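Novice: What follows is the residue order along each chain.
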Amino acid sequence: MLFILLFLLFHTHAYALDVSEYTLKNGLKVLILEDHKAPTATFQIWYRVGSRDENTGKTGLSHLLEHMMFKGTKKHGPKTFSQAIQRAGGTDNAFTSKEYTGYFELLASDRIGLPIELEADRMRNLILTKEAVLSERDVVMEERRLHYEDDPQRLVYEGVVAMAFMNHPYRWPVIGWMSDLKGLEPDDLINHYQTWYAPNNAVIIVVGDVKKEEILSKITDAFGDIPAAPAIKTVKTEEAQQRGERRFFVKKEAELPFIVSAYKAPDIRHEDGFALDVLGSILSDGKSSRLYQSLVYEQQIALSAWAGYEGLYKDPFLFLTGATAAFGKNIEDVEKAINAEIEKFKKAPPSEREVQKAKNQIEASFIMGQDSIYMQAKMIGSFEMIGGWRLWEKYLEGIRKVSPEDVRRVTEKYLVSDTRTTGILIPLKDGNK
Amino acid sequence: MIKKIHVFILLFLCSPGLFITSSYAAPIAEREVLDNGMTLLHSGKTGLPIVTVVIAIKAGSVVEPEDKSGLANLTADLLNEGTKTRSSKEISDAIEFVGGSLSTARGADYITVSLSVLKKDIGMGFDLLSDIILNPAFSDAEIQRRKTAIKNSIIQQKEDPGVIASKAFGEAVFGKHPYGKPAEGTEESLDRITREDIAAFHQGYYLPNNTIMTVVGDISKGELKSMLNRYFMNWQRRDSKELSLPASALKDKPKVIKIQKNLAQANIIIGHLGIKRDNPDYYAVSVMNYILGGGGFASRLMDNIRDNKGLAYDVHSYFSANKYAGSFQAGFQTKNESANTAIAEALKEMERMRTEPVSDKELSDAKSYLTGSFPLRIDSNRKIAAFLTAVEYYGLGLDYVDNYRKFIEAVTKDDILRAAKKYLHTGSYVLVVVGDMEKAALKY
Chain A
1 MLFILLFLLF
11 HTHAYALDVS
21 EYTLKNGLKV
31 LILEDHKAPT
41 ATFQIWYRVG
51 SRDENTGKTG
61 LSHLLEHMMF
71 KGTKKHGPKT
81 FSQAIQRAGG
91 TDNAFTSKEY
101 TGYFELLASD
111 RIGLPIELEA
121 DRMRNLILTK
131 EAVLSERDVV
141 MEERRLHYED
151 DPQRLVYEGV
161 VAMAFMNHPY
171 RWPVIGWMSD
181 LKGLEPDDLI
191 NHYQTWYAPN
201 NAVIIVVGDV
211 KKEEILSKIT
221 DAFGDIPAAP
231 AIKTVKTEEA
241 QQRGERRFFV
251 KKEAELPFIV
261 SAYKAPDIRH
271 EDGFALDVLG
281 SILSDGKSSR
291 LYQSLVYEQQ
301 IALSAWAGYE
311 GLYKDPFLFL
321 TGATAAFGKN
331 IEDVEKAINA
341 EIEKFKKAPP
351 SEREVQKAKN
361 QIEASFIMGQ
371 DSIYMQAKMI
381 GSFEMIGGWR
391 LWEKYLEGIR
401 KVSPEDVRRV
411 TEKYLVSDTR
421 TTGILIPLKD
431 GNK
Chain B
434 MIKKIHVFIL
444 LFLCSPGLFI
454 TSSYAAPIAE
464 REVLDNGMTL
474 LHSGKTGLPI
484 VTVVIAIKAG
494 SVVEPEDKSG
504 LANLTADLLN
514 EGTKTRSSKE
524 ISDAIEFVGG
534 SLSTARGADY
544 ITVSLSVLKK
554 DIGMGFDLLS
564 DIILNPAFSD
574 AEIQRRKTAI
584 KNSIIQQKED
594 PGVIASKAFG
604 EAVFGKHPYG
614 KPAEGTEESL
624 DRITREDIAA
634 FHQGYYLPNN
644 TIMTVVGDIS
654 KGELKSMLNR
664 YFMNWQRRDS
674 KELSLPASAL
684 KDKPKVIKIQ
694 KNLAQANIII
704 GHLGIKRDNP
714 DYYAVSVMNY
724 ILGGGGFASR
734 LMDNIRDNKG
744 LAYDVHSYFS
754 ANKYAGSFQA
764 GFQTKNESAN
774 TAIAEALKEM
784 ERMRTEPVSD
794 KELSDAKSYL
804 TGSFPLRIDS
814 NRKIAAFLTA
824 VEYYGLGLDY
834 VDNYRKFIEA
844 VTKDDILRAA
854 KKYLHTGSYV
864 LVVVGDMEKA
874 ALKY
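Going down the list, the sequences are from chains A and B. Under our numbering, read the first sequence as residues 1 to 433, first letter to last. Under our numbering, read the second sequence as residues 434 to 877, first letter to last.
Mixed in with the good hints there might be a few duds.
Said to hold, decoys possible - Partial selection, computed: residues in chain A whose CB lies under 8 Å from chain B:
id : residue
1  : P39
2  : L106
3  : Q300
4  : P349
Claimed, not checked - BS3-like mimics (lysine-lysine), calculated; alpha carbons at most 30 Å apart, straight line:
id : chain 1 : residue 1 : chain 2 : residue 2
5  : A       : K211      : A       : K264
6  : A       : K336      : B       : K522
7  : A       : K252      : B       : K584
8  : B       : K517      : B       : K674
9  : A       : K394      : A       : K264
10 : B       : K522      : A       : K37
Unchecked claim - Between beta-carbon pairs, the in silico distance windows are:
id : chain 1 : residue 1 : chain 2 : residue 2 : range
11 : A       : T129      : B       : V689      : 34 to 42 Å
12 : A       : S365      : B       : S797      : 18 to 26 Å
13 : A       : K211      : B       : D711      : 38 to 46 Å
14 : A       : S365      : B       : S586      : 23 to 31 Å
15 : A       : Q241      : B       : R625      : 53 to 61 Å
16 : A       : K347      : B       : E465      : 53 to 61 Å
17 : A       : G113      : B       : R663      : 32 to 40 Å
It is worth saying that the hints were derived from the structure and are not from the lab. Since the structure is predicted, the reported quantities are computational estimates derived from the model, not experimental observations. The C-beta atom is built at its ideal place from N, Cα and C for all residues, glycine as well.
Chain A on its own, in the form it takes in the complex (with noise of 0.2 Å):
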């Protein structure tokens, strides 16, 4: 009786997110979250474009964009902006994703009008000065240089997603083609700030110690004389049907062989995407997990393995597998062992038990998920960049309605070999020069 009880409570109260949302005149939307466990509060401002919008020849932008975001303006000089919020004892970083590009700042609660000041400002009042362009493209090119180019894994990562959209703007990396970067112009970056930059294309989201009436009165302060950007008009490219595997190989400089496979997935605002991501923890999250017992730890062929289905995004997308082979060990005998390992699904659902895990890990990262201010904001951001922040709470009533049978059918209609993309490291000793 005690224990039903307790679920009961635990289950009404587990995804109730308090969040409380507002829209200003000029489009700008609000998503508070009040929590008081400390002092403390996060700024963030969403902008909904990413690299999914560049253009053949442009790729890169949104992301040096973001860079450039921090070069100054008008009423706030260059190199002000971090120092600003630094002097007020916080931190500040962006992001730039597929769908998205976003701005935050972390810093004491009372300190939050500072955020809101100088985002306010920096949404249309950026000096993109030509010099200033220049050096920060230089930066974001060895930012390159450091995560890929030196990078085997993450050029055959990259590799995997190029080569699994042949149609959509999601081939393309989000830091850049190099020789994209070096022909990026100051106008390119003008015409992408004044397009995107608007009120009625961001989302402001604040997580913290913070009481919403007074937080709304500063944003409407701030940002309410903003005016609205006329609406975008967005060509939509959709991937056409794959009808046969891919495959392709990096050989480089690199130690242990190493492979991606990539299978295409619906959203996760498609009822598939909660079975595909019970899935994904069932052979991936975790030492108990069926890859890292089988591959790892049984048959020592790989130093790890892993799965994940990527739904986060407006459009399909993929469904993840990976592994670096042993010293020694033939990386198509990996492959094959993880190719078993899925095969598995398809001929007998998982059981009660591993289905149940799976839940209670998900249901387990939400919860413990709300120790961190920032990590809940980045959540709250992540849903409503792709269809609105109560899909978290849709997302988490799905996870629980998964049945071992769900994961079968999604395992045979989804993993299958005509839909993969395969990217394989062959490592080269490193020649002297």
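On the provided structure of chain A, position chain B as indicated by the hints.
Specialist: Positioned in the frame of chain A, the structure of chain B alone reads:
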């Protein structure tokens, strides 16, 4: 999905050197030394139904024998690979079934065992926690398995220019001191480690009187005490041996290490021996390093090398101040052809710090950040647990939350100049460059 979704999102600013005050009326935690010698720190937080436990045991690589490098890491690593009554899989399956986590982490000064569970699972969590710490099996099969896995990761690290540079730097700066050795050991040292070594190391150092247990979250002192009585009753105090370690010495002239790899970038570390955590100049050094390269975009190295010259994405410097003297290092990556320029600029900024006073604005900005950001260091259970563990290990006192502000506020421009002269060395540094040496054509 939720955990992996951000992996390939690009972060604009990588600011590893940023670390973070204000006055708190209530004490941050209660401290107690138990009869068996274990120090217990408890901070009850009822906001969320979760409990975080961090157990820090003075069994890091500083106490391992010289020829058995990797022993401390391997011992910690094996804790959740089987006990006298549970297999490796039974342990992972039990904790993962409830969505909790039970993990070990190596360290030079201390290793940690961390548990995170929902409140309803606290009994099961403490049961597992005590079992893996008190009754590890150290079976030969698991030892072989872990040795192979560690050797594989040692091989894989050779793909990462940052790790290659860091290992070469540590070895050059620290010589025979354990801080200079790779914590995971080497393929050869791992082969020398026997089951008896592991069991003896566990027997010798995994003791309550070597342990700090920090518990943060939705658990009362009474509940905690009953957990300890039930699961840690039999953990008995014993004397443990202290090793005397060779002191590392500064070099008398620059030492340059060039490592050839076909890379697009040169990975560069410049640095030398640093300070101990209990050095009274620690706070002057903290402010000084914030201005030099610890303060992200507020730092001189970032301003010069990244913002003005566009030569690098990540530029940082830090002092790792631990039980023994740690290191100072400035690190950055730049295309091979720019390596000379970037190294020269970094050395120039180090020298300027040693010879000219910082500006009033730099001083006040640095203090303002270091004191003002203190609340961010302790605004989640996970962060509070890590903070309390370090405060106890380094003997900073539970009033550190208030004292930190006073220490930082007291730092003057003269202190910074004096600290820079004393603790930055532009004539006796170690310079490591991993990259394409032909393109880099180093002048050093």
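Novice: Now look at each hint and say whether the structure bears it out.
Specialist: Status of the hints after comparison with the structure:
Interface restraint check: P39(A) against chain B, minimum CB-CB distance 6 Å, threshold 8 Å, status holds. For the restraint placing L106(A) at the interface with chain B, the shortest Cβ-Cβ distance is roughly 6 Å, inside the 8 Å limit, so the hint holds. Evaluation of the Q300(A) hint against chain B yields a held restraint, the C-beta minimum of about 6 Å falling below 8 Å. Restraint check, P349(A) versus chain B: the minimum CB separation of about 18 Å is more than 8 Å; hint violated.
With a C-alpha separation of about 43 Å, the suggested pair K211(A) and K264(A) falls outside the 30 Å cut-off, and the hint is violated. Of the pairs offered as hints, the one joining K336(A) and K522(B) holds, with about 23 Å between alpha carbons and a cut-off of 30 Å not exceeded. With a C-alpha separation of about 22 Å, the suggested pairing of K252(A) with K584(B) holds against the 30 Å cut-off. Taken as a hint, the K517(B) and K674(B) pair is honoured in the structure, with Cα atoms around 26 Å apart against an allowance of 30 Å.
Simply put, K394(A) and K264(A) have alpha-carbon atoms about 22 Å apart, close enough for the 30 Å limit, and the pair holds. With a CA separation close to 36 Å, the supplied pair K522(B) and K37(A) exceeds the 30 Å bound. Range check, T129(A) to V689(B): about 38 Å between beta-carbon atoms, so the 34 to 42 Å window is met. A beta carbon spacing of about 41 Å between S365(A) and S797(B) contradicts the range 18 to 26 Å that was offered as a hint.
Roughly 43 Å separates the CB atoms of K211(A) and D711(B), a value that falls within the hinted 38 to 46 Å. Between S365(A) and S586(B) the Cβ separation comes to about 26 Å, which falls inside the hinted range of 23 to 31 Å. Checking the proposed 53 to 61 Å range against Q241(A) and R625(B) shows it holds: the Cβ atoms sit about 58 Å from each other. Under the hint 53 to 61 Å, the C-beta atoms of K347(A) and E465(B), about 56 Å apart, fit the expected range.
Roughly 50 Å separates the CB atoms of G113(A) and R663(B), a value that falls outside the hinted 32 to 40 Å.
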